[in-house]
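Colleague: Given the coordinates of chain A, work out where chains B, C, D, E and F should sit on it, guided by the hints.
There are 6 protein chains.
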Amino acid sequence: MNITVSRKAHFNAAHKLHVSQWSDEMNKEFFGLCNNPNFHGHNYDLIVSLTGEIDPITGYLIDMKFLGQLIKEEIEDRFDHKNLNLDCEEFKTLNPTTENIAVVIWHLLRKRLKETYTLKVILYETERNFVEYNGN
Amino acid sequence: MNITVSRKAHFNAAHKLHVSQWSDEMNKEFFGLCNNPNFHGHNYDLIVSLTGEIDPITGYLIDMKFLGQLIKEEIEDRFDHKNLNLDCEEFKTLNPTTENIAVVIWHLLRKRLKETYTLKVILYETERNFVEYNGN
Amino acid sequence: MNITVSRKAHFNAAHKLHVSQWSDEMNKEFFGLCNNPNFHGHNYDLIVSLTGEIDPITGYLIDMKFLGQLIKEEIEDRFDHKNLNLDCEEFKTLNPTTENIAVVIWHLLRKRLKETYTLKVILYETERNFVEYNGN
Amino acid sequence: MNITVSRKAHFNAAHKLHVSQWSDEMNKEFFGLCNNPNFHGHNYDLIVSLTGEIDPITGYLIDMKFLGQLIKEEIEDRFDHKNLNLDCEEFKTLNPTTENIAVVIWHLLRKRLKETYTLKVILYETERNFVEYNGN
Amino acid sequence: MNITVSRKAHFNAAHKLHVSQWSDEMNKEFFGLCNNPNFHGHNYDLIVSLTGEIDPITGYLIDMKFLGQLIKEEIEDRFDHKNLNLDCEEFKTLNPTTENIAVVIWHLLRKRLKETYTLKVILYETERNFVEYNGN
Amino acid sequence: MNITVSRKAHFNAAHKLHVSQWSDEMNKEFFGLCNNPNFHGHNYDLIVSLTGEIDPITGYLIDMKFLGQLIKEEIEDRFDHKNLNLDCEEFKTLNPTTENIAVVIWHLLRKRLKETYTLKVILYETERNFVEYNGN
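Chains as they are written, first to last, in my numbering: chain A, 18 to 153; chain B, 18 to 153; chain C, 18 to 153; chain D, 18 to 153; chain E, 18 to 153; chain F, 18 to 153.
A hint or two may mislead.
Copies of the same chain look alike in the list, so a pair counts if it fits in one copy or across any two.
To be verified - Using 27 Å as the maximum straight-line C-alpha spacing, the simulated DSS-like pairs for lysine-lysine come out as follows:
#, residue 1, residue 2
1, K89, K131
2, K89, K109
3, K131, K82
4, K82, K45
5, K45, K137
6, K25, K137
7, K89, K45
8, K82, K109
9, K137, K82
10, K45, K131
For the record, the hints were derived by calculation from the structure and aren't laboratory data.
Isolated chain A (complex conformation) (with noise of 0.2 Å):
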């Protein structure tokens, strides 16, 4: 018996969409306005969903306050307020589109939890545009 359970978190961020392998000229022809060099904002919703088989004695996938601390501490924590082009490690060389962000979200809650989850993010770079991934 399969359920999925999803948790919703946000984070506001600065960041700027630049390949380093481009020269500026094409960076900007490509990317536009996200190509800013002073970099522009977002308020990023992220709903966290896993999959596996309910407990039978507790009723629970998991505990919604342990997914919610899991995520506090691996993606909250790390991402919110902050730049991240300039302030995180994962996107110094990584273009943080969309896409991108939501592959390196999975990867950081994919290590903290058990292998019998199986996980999907989507994160909302806006209310009109967004991304899913679950790692296939």
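Modeller: This is chains B, C, D, E and F only, laid out in the frame that chain A set:
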């Protein structure tokens, strides 16, 4: 040509999380505030999703008024403005976690729907915590 | 230069509507499902709004972290995961309608805030029903 | 490394539900208010989701500005502020149910996208009723 | 002790913007896509707010079930799944802009409510465009 | 017959909170994470509300396309995908708190609107924190 049709519903209920085989101390330690013996409560939001083939004449998978009425009869009339632990047979011994409520709702709807439909339910306990169950 | 700053909070609670001077029949007839003796519950959303002058140095009306902490201490810690009728002194004799809860919240916050702030609260019992109180 | 990228769009349109092979009485009985001969209307919300591999250089699955422009050209310019039954070739004989509109949108977008992308659309007729189609 | 109680409702309708004293060309130039002669439509969201004194016994300003029923009778039954221009007497000569619809709704509700209530309505044509009217 | 018309807009920007007259230590102590020297960012949501008399011919208070275009020119083009501290003259010396940004926006719009309109702006820094300014 398979399509999925979803309908949103909601109900407001009181509950407490409590495992009857455990001592009060163990329940309090494990479930924390959610174990308050006097209960607390939620506005539950429910999304019911059916998958199947579009009727080539009507262009419907299912009549939404019929689906809405079925959800009202099976779910809203049963759980709305109720105390899940005290008023609902389903949770006399089953701990009313969001996971267990979602599974109960899935079975209540499943037995009223034609076998040709695939059924999935998503149950929001709060805006931040939700559960998805599809019977597998 | 007056400005209004608002902060959103929430708490989950059980309650029933019941007028102690009335008979059970009269309560049931008047309040209907909301009078369920075993209680039901809600996710309450709260918006607290303060009006006053911006500090010309800091650019703040009030430090949002301070306001958030004050709402946590006075409102969330008091009402979250509680049964309003049974656990909360404020509603031992006062009927916990959304109107009365909003007035109680206003007074709890008012006595903690400087007189120079004007205070308004909006309390959502559900997405469709809400109440606004400003002390007048 | 597969990822899914989604973009939200919307359009406002009038329509009526009507099966041309049926009598007016049969249409009225089956579709009720939705068969009003003078039409009614909706704010349709659309989520377009593409799945594929992240470009290792840019960190993009697809340029969101390109995807947004494509949705504008194929869907918003075609359906926004239109009467689906009278103004749109697609629904001259096809009943504009949410199911059928979603399938039409999927095909309009599918033919403009590279085959390496998997495509899914979700169409909200209202906040409570929505449909998902992925071409299978 | 004045309090404001609000209730949300909605209706789906078709309309076109058109000033009958103007030529078709002038209408088309001024109202653009909103003048489509075949109509377009919206999901209208309505918030009805009453201000008055809390009843000291019941703790109610007004019974929400009564208010919901009144909005259903006067507004939803009248406008839902209708063509405002063709089906509704109120807009036979009055241009159904959001402004004018809000004023019409205000008057329809005003005449059904006790004079001791102050009345305000907010009408959303879309999530981005809305109008507020309080009779002054 | 006064009516209020509102239009929603948004922009994504980076900023840091910093009082130039203060030492770095004092800024860090007072503003905490919001003082991160490398900036962080937000999706700002803006609601612009105008009050005035409905034009008896058109049924408009103001043409929403005109208002939307004005907000784009004055606010979105100026602040979207910008670093408020580094890229925007308005915040070279003024601390870009939500309060100060709202006041700046109000003045930028006020000078472009006819005096017969009353103007109010609401600015959301996050879903939980927002500010309202009406020029008084």
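Colleague: Against each hint, give a clear statement of whether it holds in the structure.
Modeller: How the hints compare with the structure:
| no. | hint | result |
| --- | --- | --- |
| 1 | K89 - K131 | within (18 Å within a copy, 33 Å between copies) |
| 2 | K89 - K109 | within (22 Å within a copy, 33 Å between copies) |
| 3 | K131 - K82 | within (16 Å within a copy, 35 Å between copies) |
| 4 | K82 - K45 | between (43 Å within a copy, 14 Å between copies) |
| 5 | K45 - K137 | neither (32 Å within a copy, 31 Å between copies) |
| 6 | K25 - K137 | both (12 Å within a copy, 20 Å between copies) |
| 7 | K89 - K45 | between (34 Å within a copy, 22 Å between copies) |
| 8 | K82 - K109 | between (32 Å within a copy, 25 Å between copies) |
| 9 | K137 - K82 | both (18 Å within a copy, 25 Å between copies) |
| 10 | K45 - K131 | between (42 Å within a copy, 25 Å between copies) |
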